[in-house]
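Protein chains: 2
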Amino acid sequence: MFESAELGHKVTKQVYARQEPKLREALLNAQFDLAQAKKFPVLILIGGVDGAGKGETVNLLSEWMDPRHIQTRAFGDATDEEGQRPRMWRFWRELPPKGKIGIMFGSWYTAPIISRVLGQSDEAGLKGSLEEIVRFEKMLSDEGVLLLKFWFHLSKKQQKTRMRELEKDPHTRWRVTKFDWERFKMYDAFRKVSEHALRETSVATAPWTVVDGSDARYRSLTVGKLLLESMKSRLQKSAYKERRVQAPPLLTDNLGLLRDLDMSQKITKEKYETQLEKWQGRLNLLSREKKYFKKHSLILLFEGSDAAGKGGAIRRITGAIDARHYQVVPVAAPTEEERAQPYLWRFWRQVPRRGRITIFDRSWYGRVLVERVEGFCGVADWMRAYSEINDFEEQMTRGGAIVCKFWLQISAEEQLKRFTLRQKTSFKRFKITDEDWRNRKKWNEYEQAVCDMIDRTSTEIAPWTLVAAEDKYLARIKVLKTIAERMEAAL
Amino acid sequence: MFESAELGHKVTKQVYARQEPKLREALLNAQFDLAQAKKFPVLILIGGVDGAGKGETVNLLSEWMDPRHIQTRAFGDATDEEGQRPRMWRFWRELPPKGKIGIMFGSWYTAPIISRVLGQSDEAGLKGSLEEIVRFEKMLSDEGVLLLKFWFHLSKKQQKTRMRELEKDPHTRWRVTKFDWERFKMYDAFRKVSEHALRETSVATAPWTVVDGSDARYRSLTVGKLLLESMKSRLQKSAYKERRVQAPPLLTDNLGLLRDLDMSQKITKEKYETQLEKWQGRLNLLSREKKYFKKHSLILLFEGSDAAGKGGAIRRITGAIDARHYQVVPVAAPTEEERAQPYLWRFWRQVPRRGRITIFDRSWYGRVLVERVEGFCGVADWMRAYSEINDFEEQMTRGGAIVCKFWLQISAEEQLKRFTLRQKTSFKRFKITDEDWRNRKKWNEYEQAVCDMIDRTSTEIAPWTLVAAEDKYLARIKVLKTIAERMEAAL
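First to last, the protein sequences are chains A and B.
With this note's numbering applied, the first sequence corresponds to residues 1352 to 1842, in that order.
With this note's numbering applied, the second sequence corresponds to residues 1352 to 1842, in that order.
Calculated directly from the structure, the hints in this document are not laboratory data.
Hints may contain errors.
A pair counts as met if it fits within one copy or between any two copies, since identical chains are not told apart.
No more than 25 Å apart at the CA atoms, straight line, and that leaves these computed lysine-lysine pairs for DSS-like [what the hints assert, rightly or not]:
#1 K1583 <-> K1507
#2 K1373 <-> K1775
#3 K1775 <-> K1511
#4 K1645 <-> K1529
#5 K1775 <-> K1576
#6 K1361 <-> K1373
#7 K1361 <-> K1576
#8 K1543 <-> K1508
#9 K1536 <-> K1645
#10 K1641 <-> K1529
#11 K1629 <-> K1641
#12 K1390 <-> K1583
#13 K1373 <-> K1622
#14 K1364 <-> K1620
#15 K1642 <-> K1529
#16 K1529 <-> K1511
#17 K1390 <-> K1519
#18 K1793 <-> K1361
#19 K1622 <-> K1519
#20 K1390 <-> K1823
#21 K1768 <-> K1373
Because the structure is a prediction, the values reported are computed rather than measured.
Work the whole structure out from these sequences, hints included.
Take a look at the structure:
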């Protein structure tokens, strides 16, 4: 992939002087349109060889365009808060919102490439990381992010010359350190691994552009023009077009997942109280287990029919653990900042660090439940969400999280009884809204969506626990017991 | 302050059973109104003696009300990212937005009280911290936050009994640790210091309520009722009333601050280039000085007349430093999440950690410039902003930041020339808007606002640097030189 970039492209002073002002103006205009439309963000990844003009290009882009709408982020060592979360967390927190240009200097490619070069990972490890990246970038692209990936290249000889030049000049001498020369020794390995990485991740929706870094004028014009063309062509596209994807045929044979739940089980109040004490005590002990929480975090999420008792179950958990360790995240409509990001962004920002517990009252599954049923997103969007969510949970799990997912199910009759009761009990009245009654009318659609969700997202690492919640006592005990057992298994 | 709380208040089961449902209902209604109105946040601080029911009360409040609109935060040890920023940063990042109830379990009182008890700070240190807290809470209250402070109290005898009780019961035994008994030995010192702290910080806008923690029913009803009454009375108040504060008489004798600037100085392009190289080089060396950046961060802020060359000056700084270390924050209109918080919140969230540089293109001074001149906030609001800003900068400085503030000034004639030029140069056209022309008509009002700002916020720790920017070259050199010298002085 680097052959063309070693041809020694050059742009003369004259050509540059003629083209630069026009390019600059066009970039500014495109950037202005981008900021006005606020329809999508632009994300530019900058990678490649040291001395090939990465930093210079980043500075130039900031100079050419309006810096108020560019956010440059450089990724060095992870902070504590970053290191204690899944690997991708630090990148998610720095994604540019719609209307802005984000430049990432170093990215999710850095760690996989470097660790392969240093022999810290093997071929299979690298392959796994790259596959993950391809899926992640596809998701970004499906979510509307305009992703541009630039790789700045120099041949071995060019890099050596460049470093010598920098060293000779007293004003730039500081830019070349011993560490850079150490790294230079690994040029061949670095070249081989990065070529492989680029090839594997150069897909239609997010191709790499390898830029010959030897001539400043050439590389500046190349990056600028490509950025311009990409922005312009994207801005001209009419509003987001739903790809024509048919809804999958309803596999009514999976409805048994919910319908076969035994809703008749009950326990007595006395038994409930003994069991509650037992499992709350167990959960409490586990939540104070330092050995466990040094390596792990706990993510609990609750979905369920309206009035199925999510809140009650959550309070039985929080009642057993120290308020310093948990956080309940009630999921309501996204804020302005959240709407300007891919839909998983608002959940990523709540991912707990090690030693902490986050309880989601409703969750990212809204995408394949309410958003599917109510048509808030297109068919293609909720269909791809299953695998995106599986990827998300896999990343959390790999980052040390135990993910427990609960679906609380009640029958339509029981729901009606609870709705009516809520309306009668004045201090519960806030719990019942017109929307609940509207949702109830779509019982069958929701049932199908739930069964599809369980079918497609109940994984070995993050299985769904279906809870027959007709009897609240039973449901709460099952929830507490499940959490305690998952934690014990991880110890 | 604890006498009344040791009287042994009790509420019988019967009274509680009668009052609790009503209180619950009223609290829910008030909370619902709060969430609907989104006019102000409620912030509840929970402090006091261990075993006095702090945790139980927090859980109860979450049970009584709708947990979707409550955010509970407990503050243990600071994380890396918190520890590397000013002390108050971690509290700012957890402030509840308008319409929500935030409960802080542990707060800005914890550290000052504990370190005094342990003898790590002296009387004067405690006094300083408490005065700072009073100012901070006054600001919160002025910004509309409904602040409630509860202190849960037990007499020494009661605490001992309580801990013994907890220890006897096998289900609660875990709640009492060796550490708790160690702390119990310091009961008297803790009581003395906290009584002092409470007295000093019990001011009209944010009084403490000391709650007798010995009887669960009593303390629950007490907290619930007080919360209810405070929310109700605040909700009934008609929209934010501007306190009648007169604008201060215009002290036209401070206009000399700007008018006396020598705008005629110039340097040649050749000299500029030599100087630029020199100061950029110096800045670069300093920005890579590990000794410095282990203890410090750098905050640069730019204000100035429109077209005074802020962007150009900023680019000369960024051109000299590694993109991995800085971040430019262009200050535009606040987002929805930012509007739901005190005005300084959006700047606190950008405060750099040690080793990092943040450059603000416009800043918190908007409060006393554009917001004052355009009447976006009341007279009382911008008048109090001077001292709030001084407090803010003092906290940053104490947290290790070097704060450099630049005002770039040009003459009205020069501005007209630049505006006209910008309109002619097509790629600079985006830089000039109708608003710029409107602002220009208010030249005199802005001039007064700027002079007042400099008068009131140029402090020893965070002085203003006035830059005669008629000559861009000269202005850029002065900026670079100032930063380098401030950094050198701190080394």
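Hints versus structure:
In the homo-oligomer, the alpha carbons of K1583 and K1507 never lie at most 25 Å apart, since the shortest distance is 35 Å inside one protomer and 73 Å across protomers. Within a single copy, K1373 and K1775 get their C-alpha atoms only as close as 70 Å, which misses the 25 Å cut-off; across copies the closest is 14 Å, which meets it. For a Cα distance limit of 25 Å, the shortest separation of K1775 from K1511 qualifies neither inside one copy, at 80 Å, nor across copies, at 45 Å. For a Cα distance limit of 25 Å, the shortest separation of K1645 from K1529 across copies, 22 Å, qualifies, whereas the shortest one inside one copy, 36 Å, does not.
Within a single copy, K1775 and K1576 get their C-alpha atoms only as close as 66 Å, which misses the 25 Å cut-off; across copies the closest is 24 Å, which meets it. Proximity of K1361 and K1373 under a CA criterion of 25 Å is satisfied intra-copy only: 19 Å inside one chain copy versus 80 Å between copies. Taking identical chains as interchangeable, the C-alpha atoms of K1361 and K1576 lie at most 25 Å apart only when both belong to the same chain, with a minimum of 15 Å there against 77 Å between chains. Taking CA atoms no more than 25 Å apart as the test, K1543 paired with K1508 passes inside one copy only; the shortest distance there is 16 Å, against 73 Å between copies.
With identical chains, the CA atoms of K1536 and K1645 are never at most 25 Å apart, being 38 Å at best within one copy and 30 Å at best between copies. Proximity of K1641 and K1529 under a CA criterion of 25 Å is satisfied inter-copy only: 16 Å between copies versus 41 Å inside one chain copy. Taking identical chains as interchangeable, the C-alpha atoms of K1629 and K1641 lie at most 25 Å apart only when both belong to the same chain, with a minimum of 21 Å there against 54 Å between chains. With identical chains, the CA atoms of K1390 and K1583 are at most 25 Å apart within one copy only, with a shortest distance of 13 Å there and 41 Å across copies.
For the homomeric pair K1373 and K1622, neither the shortest alpha-carbon distance inside one copy (79 Å) nor that between copies (30 Å) is at most 25 Å. Taking the closest pair of Cα atoms, K1364 and K1620 come within 25 Å of each other only across two copies (21 Å); inside a single copy the shortest separation is 86 Å, beyond that limit. Taking identical chains as interchangeable, the C-alpha atoms of K1642 and K1529 lie at most 25 Å apart only when they sit on different chains, with a minimum of 19 Å there against 40 Å within one chain. Taking the shortest Cα distances, K1529 and K1511 sit within 25 Å of each other inside one copy (13 Å), while across copies they are farther apart (62 Å).
For a Cα distance limit of 25 Å, the shortest separation of K1390 from K1519 qualifies neither inside one copy, at 47 Å, nor across copies, at 62 Å. Within a single copy, K1793 and K1361 get their C-alpha atoms no closer than 64 Å, and across copies no closer than 50 Å, so neither meets the 25 Å cut-off. Taking CA atoms no more than 25 Å apart as the test, K1622 paired with K1519 passes between copies only; the shortest distance there is 23 Å, against 82 Å inside one copy. In this assembly of identical chains, K1390 and K1823 lie within 25 Å of each other by CA distance neither inside one copy nor across copies; the values are 45 Å within and 37 Å between.
Taking CA atoms no more than 25 Å apart as the test, K1768 paired with K1373 passes between copies only; the shortest distance there is 23 Å, against 70 Å inside one copy.
Against the hints set out earlier in the document, violations occur for numbers 1, 3, 9, 13, 17, 18 and 20.
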